[in-house]
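Q: Listed below are the residues making up each chain.
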Amino acid sequence: MDPMESLAAALQRGDDAAVREHTREAIGLGRAPAAILNQGLLAGMGVVGEQFRTHQIFLPEVLLAARAMYAGLDVLQPLLERDNVPMLGKVVIGTIRGDLHDIGKNLVGIMLRGAGFEVIDLGKDVPPERFVDAAVEAGASVIGMSALLTTTMVGMKEVVATLEARRCRGQIKTIVGGAPVSAEFAREIGADDYAFDAASAVTRVKALLGVA
Amino acid sequence: MRPRLQLLDEALIDRILDEARHVLATIGVEIESDEARALLAEHGAPADEATGRTRLPGALIDRALDTAPRAIGLYDVLGAQTHDLSGTNVHFTPGSSAILVLDHATGTMRPPTTADYVEHTKVVAGLANIAAQSTALIPADVSERIQDSYRLFLSLLYGEKPVVTGAFTVESFDVMREMQVAVRGSERALREKPLTIFSCCPTSPLKWSHVTSQNLIDCAQAGIPAELVSMPLAGFMAPVTLVGTLVTHAAETLSGYVIGQLAAPGAPMLWGGSPAVFDVRYETTPMGAIETMMIDCAYNEIGKRLGLPTQAYIALSDSKLLDAQAGFETGMGAVLAAASGINSISGPGMLDFESCQSLEKLVLDDAICGLALRLARGIEPAEDFPSLPRFTELLSDGHLLISDHTRRHLRDQITFPGPVIDRANRSRWQEEGSRPLGERARDEVERLLAGYRPSRLPDETARELVRLMEAEARRAGMPALPARDP
Numbered sequence: 001m002d003p004m005e006s007l008a009a010a011l012q013r014g015d016d017a018a019v020r021e022h023t024r025e026a027i028g029l030g031r032a033p034a035a036i037l038n039q040g041l042l043a044g045m046g047v048v049g050e051q052f053r054t055h056q057i058f059l060p061e062v063l064l065a066a067r068a069m070y071a072g073l074d075v076l077q078p079l080l081e082r083d084n085v086p087m088l089g090k091v092v093i094g095t096i097r098g099d100l101h102d103i104g105k106n107l108v109g110i111m112l113r114g115a116g117f118e119v120i121d122l123g124k125d126v127p128p129e130r131f132v133d134a135a136v137e138a139g140a141s142v143i144g145m146s147a148l149l150t151t152t153m154v155g156m157k158e159v160v161a162t163l164e165a166r167r168c169r170g171q172i173k174t175i176v177g178g179a180p181v182s183a184e185f186a187r188e189i190g191a192d193d194y195a196f197d198a199a200s201a202v203t204r205v206k207a208l209l210g211v212a
Numbered sequence: 001m002r003p004r005l006q007l008l009d010e011a012l013i014d015r016i017l018d019e020a021r022h023v024l025a026t027i028g029v030e031i032e033s034d035e036a037r038a039l040l041a042e043h044g045a046p047a048d049e050a051t052g053r054t055r056l057p058g059a060l061i062d063r064a065l066d067t068a069p070r071a072i073g074l075y076d077v078l079g080a081q082t083h084d085l086s087g088t089n090v091h092f093t094p095g096s097s098a099i100l101v102l103d104h105a106t107g108t109m110r111p112p113t114t115a116d117y118v119e120h121t122k123v124v125a126g127l128a129n130i131a132a133q134s135t136a137l138i139p140a141d142v143s144e145r146i147q148d149s150y151r152l153f154l155s156l157l158y159g160e161k162p163v164v165t166g167a168f169t170v171e172s173f174d175v176m177r178e179m180q181v182a183v184r185g186s187e188r189a190l191r192e193k194p195l196t197i198f199s200c201c202p203t204s205p206l207k208w209s210h211v212t213s214q215n216l217i218d219c220a221q222a223g224i225p226a227e228l229v230s231m232p233l234a235g236f237m238a239p240v241t242l243v244g245t246l247v248t249h250a251a252e253t254l255s256g257y258v259i260g261q262l263a264a265p266g267a268p269m270l271w272g273g274s275p276a277v278f279d280v281r282y283e284t285t286p287m288g289a290i291e292t293m294m295i296d297c298a299y300n301e302i303g304k305r306l307g308l309p310t311q312a313y314i315a316l317s318d319s320k321l322l323d324a325q326a327g328f329e330t331g332m333g334a335v336l337a338a339a340s341g342i343n344s345i346s347g348p349g350m351l352d353f354e355s356c357q358s359l360e361k362l363v364l365d366d367a368i369c370g371l372a373l374r375l376a377r378g379i380e381p382a383e384d385f386p387s388l389p390r391f392t393e394l395l396s397d398g399h400l401l402i403s404d405h406t407r408r409h410l411r412d413q414i415t416f417p418g419p420v421i422d423r424a425n426r427s428r429w430q431e432e433g434s435r436p437l438g439e440r441a442r443d444e445v446e447r448l449l450a451g452y453r454p455s456r457l458p459d460e461t462a463r464e465l466v467r468l469m470e471a472e473a474r475r476a477g478m479p480a481l482p483a484r485d486p
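So the sequence lines, in the order shown, correspond to chains X and Y. All residue numbers for the first sequence refer to this note's numbering, where the first residue is 1 and numbers rise by one. All residue numbers for the second sequence refer to this note's numbering, where the first residue is 1 and numbers rise by one.
Simulated from the structure, these hints should not be mistaken for lab results.
Chain X regions said to be covered by chain Y (calculated; three or more residues, Cβ under 8 Å): (1) 59-73; (2) 195-202.
Far from chain X, some chain Y residues (derived; all Cβ distances over 10 Å): (3) F236; (4) G370; (5) R440; (6) L481.
All residues carry an ideal CB built from backbone N, CA and C; glycine is no exception.
Just need the whole structure built from these sequences, with the hints factored in.
A: Right, here's the structure in full:
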């Protein structure tokens with residue numbers, strides 16, 4: 001089997017040790033780091049994402065695949081940096097001020113990382129200006145915000161307003177999610193998009209950035 | 001612990017059985033079959049010349065209960081065991097013998113055709129929680145004289161699961177037995193690995209028609225499992241009280257055991273039924289009535305007190321379409337039947353008082369059956385003690401989604417029904433088209449039909465089935481069978 005196929009297959013099984021080994025093997029065979037990332041790791045995650053969407057596999061299998069992806073990335077990262085291979089994009093995520101619920105946000109982070117994004121997780125109870133500061137500082141293209149409470153979700157609007165005030169609303173996109181949040185609410189506050197769960201967050205962020 | 005529904009205490013069960021035996025010994029049963037009457041006369045229970053009824057002494061009943069098997073296995077067309085009809089094991093099968101099918105395209109009920117029957121069989125083949133096929137529809141495009149054998153023929157040709165069926169005439173039994181022998185290879189192999197259950201129905205009150213008593217004897221002698229389907233109607237053909245109806249049911253069912261076990265001691269039989277309360281407002285027999293379900297579960301307890309395999313018509317609905325009533329009546333029945341531990345549960349797919357099958361309802365019911373089967377498995381510890389390691393892992397990792405413990409037990413602890421049951425969040429449901437249950441069920445039917453894999457029955461056996469059926473059709477005056485899918 002082609003090492004890329006072995007790598008993708010190991011990733012789909014969530015076998016982090018095998019992913020690490022196949023990544024090293026591919027590097028040893030002289031494969032380009034970008035190719036290992038795209039044709040091995042991300043190709044495997046693409047299959048996993050589709051299987052999850054169609055209920056062939058469930059969340060635990062996706063998270064295991066994501067963990068295996070990190071194992072491969074740990075090996076590959078120095079070479080990607082050396083070759084200036086960009087990740088899919090940088091995303092700042094966090095749970096909005098006043099909200100201490102971060103289970104959903106954490107899932108989004110795991111899934112985004114697994115899909116090949118660099119994720120800067122600001123944690124929970126994050127003030128609006130901190131989202132913007134972090135995104136500007138890191139050169140992130142997307143801010144993802146989560147809320148579980150109707151009382152805290154209004155803070156999301158402030159993030160959009162802060163981006164507007166700093167004139168970076170076009171360059172830094174916003175996406176919102178969480179139980180009380182809806183597509184309608186996203187439109188009302190001027191957010192660029194809304195995701196109803198962690199898997200759809202990956203799809204929507206990709207769409208926002210125009211990456212396949 | 002396996003959860004158990006209990007409606008009767010042992011003292012009440014014993015009293016009901018005593019009363020039933022007293023009724024049988026005093027009033028007796030009316031039996032039309034000459035062979036059955038002769039058999040009973042041989043064993044000291046001749047028919048009363050004045051009344052035509054046969055009184056059944058207690059000793060005869062005791063003997064029948066002694067020889068009746070406590071467990072029955074069923075095997076698919078390939079010979080693999082699919083059923084252990086004993087203890088509190090639960091298996092679902094579609095409701096049988098609908099004279100109508102709910103046509104999803106028009107939303108109307110109409111007589112089913114061969115094509116409908118084949119579609120039904122293909123869908124059943126793909127349903128995870130329906131263990132047996134049933135001859136669920138009566139195809140209207142063949143002669144009435146072969147409608148029973150033709151159903152079994154199609155089921156054996158297109159499906160692999162064992163079949164709950166029955167003969168409509170005495171004459172049909174032979175070819176229906178021959179088809180099974182053809183599948184198994186010999187009469188002995190069929191005895192060793194039963195392929196079907198035949199419904200044999202007494203008529204309330206306390207009567208065995210010529211056809212049903214003869215079918216029962218024929219089944220017993222061929223070693224084909226027979227489910228005794230007593231159908232007392234509370235308040236009409238049985239006392240209005242549930243206990244009174246249970247006495248009637250027990251008497252009729254015990255009389256069936258006597259006939260079957262005298263014909264062939266050790267013959268496989270099920271303590272079954274399809275009783276109902278009688279709705280004196282509409283003159284109907286509601287299967288969705290809670291009292292009907294209570295009678296079913298209670299007679300199951302009586303059958304289990306005797307140690308016998310059991311069957312019931314439950315987990316179906318009287319609604320005329322796939323609506324909330326169809327769902328809740330079926331759901332209540334399935335859950336109660338599973339909790340009661342009825343071994344063979346006939347009902348899924350059925351609407352309109354056991355008269356109409358719906359493919360869309362059938363796929364919904366399969367999901368319901370999955371939930372009921374989960375309930376029947378109850379709650380058991382699974383590497384749960386000591387609990388501390390799970391908490392340590394949770395606090396360390398922040399979640400248990402990829403814990404080894406989760407991965408080992410996720411699927412045996414939690415049931416994940418298919419897309420017919422909506423568990424998406426509202427936004428996802430909207431994004432996927434805000435589709436109502438009927439549409440999701442139709443999609444699932446289409447998916448199962450597209451994914452149908454032909455039966456692995458050997459070609460040679462299939463050809464023999466066709467030969468048998470065509471000969472039977474010719475005998476009934478039909479020169480050719482309707483065209484059917486490959």
